[in-house]
Amino acid sequence: MNPVDTRVDTTPLDVERIRQDFPILRRTVHGKRLVYLDNAATSQKPQSVIDAISHYYSNTNANVHRGVHRLGEEATDAYEGVREKVCRFINGDDPKSIIFTRNTTESINLVAHSWGRKNLGKDDEVVLTVMEHHSNLVPWQMLAQETGCKLRFIDIDEEGHLHTDHLDEYITPKTKLVALQQVSNALGTIHSVRTIACAARAVGALVLVDGAQGAPHGPVNVKQLDCDFYAYSPHKALGPLGIGVLWARRDLLEEMDPFLGGGEMIRNVTLERSTWASVPHKFEAGTPSVADAVGLGAATDYLMDIGMENIRAHEKYIVSYAMDRLRELPFIKVFGPHDPADRCGLVSFIDQDIHPHDLGTIVDQHGVAIRAGHHCTKPLMHRLGVVATARASFYIYNDRDDVDAFIDALLAARKVFGL
Amino acid sequence: MSMTGLDDLYREVILDHYRYPHGAAPVTNATVEVEGHNPLCGDELHMHLDIADGRIRGVHIDPRGCSISVASASMLAQHLEGASLEEAIALKKTFQRVMKGGSWPEGFDPGDLEALEGVKNFPVRIKCALLAWMTLEQALAEFDADLVGEIECDSDIEVITKKS
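Residue numbers (numbering that gives the first Met the number 0), protein chains in the order written: chain A, 0 to 418; chain B, 0 to 163.
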């Protein structure tokens, strides 16, 4: 069977120019140019993000929402200003619906804790998919143990597409929440979240979207997705490590209990009891990571300047080339969707003769950074009948020369193993 | 050039053990069955020991992992067939020490195990080489906790006991 001609030959991005903005790309690894293809784990950071954080600490640093002094005011303005930016980035209406956490994992745990404990009981069901990242599985398992609610899992086909034809088998009147990834971190599948959300709506269930692999790679519109909760990790989208985002419908946030207790999240405190601050501060106990929020603001600016549609188009271009090149190698098996239109900028694969870890170590010696392992999706690996895969994931600074270096490194690995 | 580290890691003897691991044949009377996991990478190792009269009569391994973890398990099977429990524990301790930067004891012949020394230059891969030995430690502890003493399983390896 001839593969469908899905090659995308041009990119709207000026990759050479973009590369200039990322100081880390100037370094070498084992004497070779760094070819960074582990973007699904975390992206590299442009100079503007590094500078924003440095500038914050050099000029503005103070705690937020406390001091009456000038720096306190500036720090608070900077921090709260990022909420508005992030809200625009995901096309929300209300900046107060944006809660800063540490990462996607914490965002999902917040929902499980603050919404789940209050709203789920033993007759209720939470629907997930078999390919969720552990961060969108384990919190629900913990909640199920606590509340007695049941978990159900939407299965996938051979290419990693969800079984959307039989949704009524999974999503029933018992379903109170459907929590699913927007894009698979392990296979790259872009899910039809809207279809699933529609089925959830029909039974009155809420929808949580894990956008960890969605938000960095294309336009996000929480209204079009028709979800109630949306979580992502800005560090995968040029931002600093250590800050996460949760967007939720304002009315849900108003009804939800706090997550952590402490400073910042209170309205009044006596020795006996406390009342809660208004949304979003109710969910942000303690001193937040202000500098990281400022870095997130700079990263969001950078992405919006490029344009998320352009980033999506670039990833189609680079991933279709990578899949073409991998197809030339008979010993490589690629997982996930065949059509680059259904796939974000990542390729999960195995060399039939070399374990992914060995592959990872060997290509690293050629300056090529890929991920090898279960990608925090052990149930999916089990479902695919492998213990691990290798994964190359691309971003705005990757071009065809990176794919070529990656392919050369795969061939070099064959030589090491005498194949 | 920088590839020398790689040549040192993937020595021919390691690749041979990887292709044709020892201990593939099942043991008739498994005294202990354990399953070692490396949750960080997903590598698995099933290990069956046939123990009688203070000696390991048979070792069966079913490894699912990278060349380093498979080769290490294969060498373990090769070395331990017929060894006393004390010898097995001593070898585990020695190997663990070597992986942490120590050297082989004076006059000790490490045999094929010497080839795994190249792993020391790749710190993230040391856990691959240790999986089999941590699994062994747990298996022996299942058989006789006093003999093994304090479990030293230091990396993130998790061992599940199937039957003892």
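Everything labelled a hint here was simulated from the structure, so no lab data went into it. Being a predicted model, the structure only gives us computed values, none of them experimental. Note that CB positions come from ideal geometry on N, CA and C, so glycine has one too. One or more of the hints may lead you astray.
[Unchecked claim] Here are the in silico distance ranges between beta carbons for each label pair:
id : chain 1 : residue 1 : chain 2 : residue 2 : range
1  : A       : Arg382    : B       : Ile159    : 18 to 26 Å
2  : A       : Arg25     : B       : Ser83     : 41 to 49 Å
3  : B       : Arg56     : A       : Lys173    : 38 to 46 Å
4  : A       : Asp352    : B       : Gln77     : 21 to 29 Å
5  : B       : Ser83     : A       : Asp352    : 36 to 44 Å
6  : B       : Trp103    : A       : Ser47     : 29 to 37 Å
7  : A       : Arg382    : B       : Arg56     : 46 to 54 Å
8  : A       : Thr9      : B       : Gln77     : 55 to 63 Å
9  : A       : Leu24     : B       : Gly53     : 55 to 63 Å
The hints, checked one at a time:
1. Hint check: arginine 382(A) to isoleucine 159(B), Cβ distance near 21 Å, so the stated range 18 to 26 Å holds.
2. As the Cβ distance of arginine 25(A) to serine 83(B) is approximately 57 Å, the hint placing it in 41 to 49 Å is violated.
3. Range check, arginine 56(B) to lysine 173(A): Cβ separation about 54 Å, and the 38 to 46 Å hint is violated.
4. Checked against the hint of 21 to 29 Å, the C-beta distance between aspartate 352(A) and glutamine 77(B) comes to roughly 23 Å, which is consistent with it.
5. A hinted range of 36 to 44 Å holds for the C-beta pair serine 83(B) and aspartate 352(A), which are about 38 Å apart.
6. For the hinted restraint 29 to 37 Å between tryptophan 103(B) and serine 47(A), the CB-CB distance of approximately 53 Å leaves it violated.
7. Separated by about 38 Å at the C-beta atoms, arginine 382(A) and arginine 56(B) break the suggested range of 46 to 54 Å.
8. Under the hint 55 to 63 Å, the C-beta atoms of threonine 9(A) and glutamine 77(B), about 56 Å apart, fit the expected range.
9. At about 59 Å, the beta-carbon gap between leucine 24(A) and glycine 53(B) stays in the expected band of 55 to 63 Å.
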